[in-house]
Each structure stands twice: as C-alpha cells, then as structure tokens.
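Spelled out, the chains give:
2 protein chains.
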Amino acid sequence: MSTTTTINLKNRPVGTPKLSDFEFITTELQDLKEGEVLLKTTYVSVDPYLRGRMMDAESYIEPFELNKPIVSGCVAEVIESKSSDFSAGDFVTGMMEWKEKQVSNAENLKKVNPNQAPLSTYLGILGMTGLTAYFGLTDIGKPKKGETLLVSGAAGAVGSVVGQIGKLLGMRVVGIAGSDEKIEMITSDYGYDEGINYKTTENMTQAIAEACHNGVDVYYDNVGGEISEAVLYNINKFSRTVVCGAISVYNKTELPKSTSVQPFLIKKSSMMQGFVIFDYKDRHPEGIKQLAEWLQQGKLQYEETIVEGFDNIPQAFLDLFEGKNKGKMLVKI
Amino acid sequence: MSTTTTINLKNRPVGTPKLSDFEFITTELQDLKEGEVLLKTTYVSVDPYLRGRMMDAESYIEPFELNKPIVSGCVAEVIESKSSDFSAGDFVTGMMEWKEKQVSNAENLKKVNPNQAPLSTYLGILGMTGLTAYFGLTDIGKPKKGETLLVSGAAGAVGSVVGQIGKLLGMRVVGIAGSDEKIEMITSDYGYDEGINYKTTENMTQAIAEACHNGVDVYYDNVGGEISEAVLYNINKFSRTVVCGAISVYNKTELPKSTSVQPFLIKKSSMMQGFVIFDYKDRHPEGIKQLAEWLQQGKLQYEETIVEGFDNIPQAFLDLFEGKNKGKMLVKI
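So the sequences go chain by chain: U and L. First residue of the first sequence? That's 96 in the numbering used here, and the numbers climb one at a time after it. First residue of the second sequence? That's 96 in the numbering used here, and the numbers climb one at a time after it.
Some hints could be false.
[To be verified] Here are a few chain L residues that face chain U, going by a calculated C-beta distance under 8 Å:
| no. | residue |
| --- | --- |
| 1 | V338 |
| 2 | S353 |
| 3 | P358 |
| 4 | F370 |
It should be emphasised that the hints constitute simulated quantities derived from the structure, not laboratory data. Since the model is a prediction, treat every value here as computed from it, not as a measurement. Even for Gly, the Cβ is constructed at its ideal location relative to N, Cα and C.
Use the sequences and the hints to build the structure in full.
Next comes the structure, spelled out in structure tokens:
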C-alpha cells in the first residue's frame with residue numbers, strides 16, 4: 096500500500112493564520128474499491144473563505160476538523176480508475192483534500208478538457224471564481240444597464256471578473272482595492288471606470304460618493320468591515336448588495352461590530368443577500384457556458400498568481416491575506 | 096381669515112424626545128383655492144418611524160424641517176370643499192400635518208367609509224399598519240407553510256398583525272416583546288405559538304433557539320439592535336429578514352455598532368430587505384382588500400391605544416418609546 100503527503104489543519108488559527116497552523120504528514124493510500132479513482136493533484140485553489148472554515152464550531156462557517164486534511168477546489172489527473180465514468184489520463188475538478196494523491200469515490204468530480212482551456216481556468220474564470228462572480232452579480236445584483244456597480248476586493252479573483260461582467264452588461268463600474276498598482280490594473284486591464292485605493296484614502300464615504308456620483312445601485316461585497324460601512328452611506332433607493340465575502344473579518348478573533356445596517360436598508364428600501372456558489376450547483380453549466388463564450392470572444396481578461404510546489408500551499412494561502420495575489424491564487428503541483 | 100393650532104418640530108431630539116422638542120403655535124388658514132379642501136383632523140397616528148424623521152439631514156431618514164409642522168398619517172373630515180372629488184362631510188385619510196384644521200390640495204387623500212369600518216382602523220389594521228405587516232411579510236418574507244416566523248416588537252401595531260397573518264399562512268410564529276403582559280397578549284389574543292420577554296431573558300440567542308427549534312426562516316424585524324443580533328445566530332439557510340423598523344436605534348444619538356451581519360448572510364445564504372410601505376403604493380388596494388376580508392371573517396384581531404385630545408399628541412408619541420401602547424397608538428381629536 097503506497098503513501099502520500101497530506102496537509103492537515105494542526106491548530107485553529109487565532110487572528111492571522113501561521114505556517115505552524117498546518118502540518119505535513121504522510122498518510123496511506125487505500126486500494127481502489129469499485130467506483131473509485133486514484134487522483135494525482137495538479138492544481139490547488141487557495142481561497143479566503145477557507146479561513147472561516149478553520150475557525151471552531153462556534154463560528155459562522157462549517158469548520159474543518161483538527162488534524163484532518165484541508166479541502167478546497169482542485170484539478171487532478173486520474174491515474175487509476177475503477178469508475179465507469181473516468182479513465183486514467185482524464186483531468187477532473189472538484190473539492191479535494193490537500194494531498195499529493197488521493198482516492199475519491201468520484202461522486203462530485205467533473206471532467207475537464209485541457210485542450211479546450213488551460214486546466215487552471217477550471218478553478219478560476221471557468222470555475223468557482225467565475226461562477227461566483229457571474230451568479231452573484233446577475234442573479235442577486237439584478238444589474239440594469241446604466242446603473243452603478245461598486246465592487247470591493249476589485250482586483251481579487253472574483254472582483255476582477257465581477258467588474259468585467261458589469262461592463263459587459265452596460266453598467267458604470269467602480270472598484271475598491273488596496274494598492275495603486277491594483278487600481279491601475281482594474282482600470283486598464285479589467286475596464287473599471289474608476290478605482291479607489293482604500294489604503295491611501297482618508298474618507299472612504301466621501302471617496303465613494305465622488306466615484307459613484309449617481310450613488311451605488313449594486314454593491315458586490317468581497318470584504319465586509321469598514322469599507323462596507325462606508326458604502327452604506329452611498330447606496331441608492333432599491334439598491335442590492337451582493338454579500339460574497341468578508342475577508343476583512345475572517346482573521347478577527349471575534350466577530351467585529353460595525354454600523355447597524357438596518358436603518359440604511361429601511362431608508363433606501365435596500366436589499367442584502369449572502370450566498371455561496373454551491374447554491375447555484377444546478378445552474379453551473381449555464382454559467383460556464385456564458386463565461387466560456389465571453390472568454391472565447393476575448394471579452395473576459397483574467398489573471399492568475401500561480402505558486403509552484405505542494406509544499407508551498409500553506410504559504411500561498413497566507414499570502415492571500417497580505418493581498419499578494421493578483422487575480423486567482425493557485426498552487427501548481 | 097381663521098386660524099388653527101399647529102404642532103411644530105421645535106428642536107431635533109437628542110436621545111429620547113422630550114415635550115420641549117415640540118411647539119404649539121397658532122397659524123393662519125388660507126382661503127380655499129380651486130381643487131382644495133378644508134380638513135378637520137379626527138385621528139392622528141403616532142409612529143416610531145417619525146423619530147427618525149426628527150433627526151438632522153445627516154441622518155438616515157428624510158428629516159422634518161425645524162419650526163415646521165410634523166406630518167403623519169391622519170383621518171380627517173372634509174368641512175369645506177372646492178374639489179370635485181370630495182364633499183363636506185366626507186372622511187378622508189392620508190399624510191397630514193399636525194394641525195386641528197388644515198387646507199389640502201386633496202391630491203393624496205383617500206375617501207374612507209365610517210360605516211364600513213371604524214375610522215380609526217383606516218390608520219391601523221386597514222391602513223399603513225396593516226399594509227406594512229401584509230406586504231412586508233408576504234412580499235419580502237415570502238413565507239411558506241410550515242416555516243418558522245420570528246417577529247420582534249410582536250405586541251406592537253405592526254407586529255401583532257404580522258403574527259396573525261403568519262398563522263393564517265400556516266407558519267409557526269414566535270414573538271419577542273418587552274413584558275409578560277405583552278407575551279400573554281400575543282399568545283392568547285394574536286395566536287402566537289410562543290413568546291419571549293427580552294427584558295427578563297438572560298441569553299436571547301439561546302431563548303430564540305429554544306422557541307424556534309427548527310431555526311428562523313423569516314424574521315420580521317421591528318426593533319434592530321441587540322435583539323436582532325441574537326437572531327443572526329438562529330437564522331436558517333435561505334432565510335429572509337424583513338427589515339421594517341429599528342425602534343431600538345431611533346433614539347440613539349449616533350448610529351450604534353452591532354455584530355457584522357455579512358458573515359451570517361454568507362453562511363446561511365440569507366437575505367435582508369428593508370422597505371417602507373410607500374414602496375407598495377400601487378398595491379395598497381390589493382392589501383386592503385385582503386385585510387378587510389380577513390377582518391370581516393373575524394380572522395384578524397387588533398388593539399388600539401387611543402389617547403384623547405390634540406394637546407396630547409406629543410406625549411402619546413413619547414409614550415411609544417416607553418412601550419406604553421398596546422397595538423396601534425392613535426390620538427382622537
């Protein structure tokens with residue numbers, strides 16, 4: 096029976112995660128049973144939402160178990176198959192454990208075609224990232240031509256796609272990000288009409304008011320916290336806030352307090368809706384179809400930050416909270 | 096030219112409003128122009144949301160002007176008419192100034208029939224109160240048979256109606272209120288399945304979990320603040336929060352901080368929607384029809400706290416924040 100390297104959650108991070116919160120161990124690979132496949136990991140997606148799952152059960156996201164492998168979206172190659180659906184040499188995507196190799200019951204794997212698009216895109220623009228941007232904006236944001244879309248985390252994996260879709264739908268699009276370089280990127284590469292560097296902005300409420308001179312009709316929120324507080328003062332009547340992520344709070348040791356949203360929602364008859372992409376499981380094909388079409392027409396740009404080497408997965412994850420990634424952060428094995 | 100007594104907003108209340116924030120003055124009554132009517136006020140509705148409008152322009156609700164009359168929902172008798180739509184002796188409802196008599200352009204007045212239902216009900220169960228309960232619950236809450244509805248401010252004018260409609264729609268209904276007497280009232284008079292007295296409850300999060308043992312599917316929020324924070328920990332996947340009022344914050348001198356809602360909305364794919372009844376202006380007849388039908392069938396109970404005398408309007412308003420009203424608070428002139 097052969098073995099593989101596995102990355103377990105060793106400690107529940109307090110505040111910002113540290114490398115010592117992760118543990119590399121060697122685990123055995125069970126022999127394949129009927130219907131199972133043996134997978135060799137090709138790409139691992141590291142995502143901010145994983146931080147939430149590292150918190151304990153009292154927290155607000157279903158937690159990972161201690162001393163069990165972390166799980167995230169991955170692309171892998173089938174190197175052995177006892178499943179009628181997959182053959183050796185197939186590439187598949189799905190939620191997988193952080194292991195160099197693993198046995199899977201093949202139930203939630205989707206075959207992907209490396210000749211149709213680069214394998215990494217199935218974790219990004221054609222994967223969870225693109226679908227999160229697409230369904231969040233179109234289904235929850237209900238964008239209308241000519242409306243103003245404000246996106247926080249605008250240079251991130253999801254945000255960079257949200258802005259481009261907003262432009263494709265005829266919106267005025269303003270992005271918030273954390274460096275002048277990122278602002279330059281979203282305006283020149285992703286077609287954002289304007290950008291706000293929150294790290295160099297004194298008064299965010301005022302800066303948003305100036306950048307969104309007709310107010311905010313749709314706010315696609317990837318960050319939460321103080322930035323989202325400042326947005327409240329700028330939302331329009333009947334505005335929609337797509338609550339996609341809250342990276343600003345994931346590392347807080349306790350849930351932070353922020354300005355009560357209720358009075359603003361009442362005054363503006365405004366809506367806030369949270370979601371996770373799994374809510375749209377049944378509609379993924381529809382989203383992938385549209386995204387692939389835009390991609391083929393050259394209407395969607397995307398950036399990837401690809402780190403090499405299984406051993407670097409934890410560091411790549413930590414780097415997310417330093418904002419070191421541009422676009423989708425991936426680890427190539 | 097005759098005169099009338101008027102109640103102006105004298106000062107913008109700081110914290111809890113005081114009688115000295117209001118001023119009784121004598122103003123002139125202009126002669127009627129073509130299309131205008133002279134109204135004699137019969138009933139004045141005092142509502143918590145008026146507190147928000149007494150704040151300054153920096154606030155989150157369109158403010159009343161200082162040294163101008165307060166405006167709220169009223170019933171009045173037409174005592175003179177130069178409008179083709181109304182004749183002397185008609186009773187009308189609409190937003191009116193706090194005046195014993197006033198001249199109106201008759202544009203936003205609705206005729207009401209004192210023989211069909213008591214005049215006071217057109218400000219309550221068949222008026223803004225009932226419509227707020229009806230459209231908030233049915234249109235935003237999207238209730239389903241068998242789901243759990245939690246209502247804060249459950250003994251209030253709106254809350255007492257929301258709970259009854261919830262029962263009529265086949266929901267399990269739990270109410271939060273501020274005295275054992277009110278809990279007794281909502282469970283015996285309004286059909287609430289269970290009630291929680293937040294003033295005598297140590298741990299609201301736990302109390303809500305116990306009363307809503309299947310979690311909260313629809314939260315009809317009239318109060319905001321700490322009570323609504325406790326609800327966050329009990330919302331179900333795909334739950335809906337109807338943000339109707341935030342009486343707990345209206346008297347705060349600055350917007351209070353509370354637990355960030357975003358992480359909960361994400362985890363539970365949950366929705367919060369604010370509204371004001373004017374959003375449903377076009378659908379009011381539909382709501383009144385349904386409410387009147389339920390009322391005639393004896394399926395809706397309502398309570399009114401009616402104070403006598405124009406001079407007592409400000410005190411009646413202040414009493415709202417002491418929770419002295421049961422059901423709809425009105426002043427009869």
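Hints versus structure:
1. A least Cβ separation of about 5 Å between L:V338 and chain U falls short of the 8 Å threshold, and the interface hint therefore holds.
2. Checking L:S353 against chain U: minimum C-beta separation of about 5 Å stays under 8 Å; hint holds.
3. Satisfaction of the interface hint for L:P358 is found here, the shortest Cβ-Cβ separation to chain U being roughly 4 Å, below the 8 Å cut-off.
4. Residue-level restraint check for L:F370 holds (minimum Cβ-Cβ distance to chain U is 5 Å; threshold 8 Å).
The structure agrees with every numbered hint stated previously.
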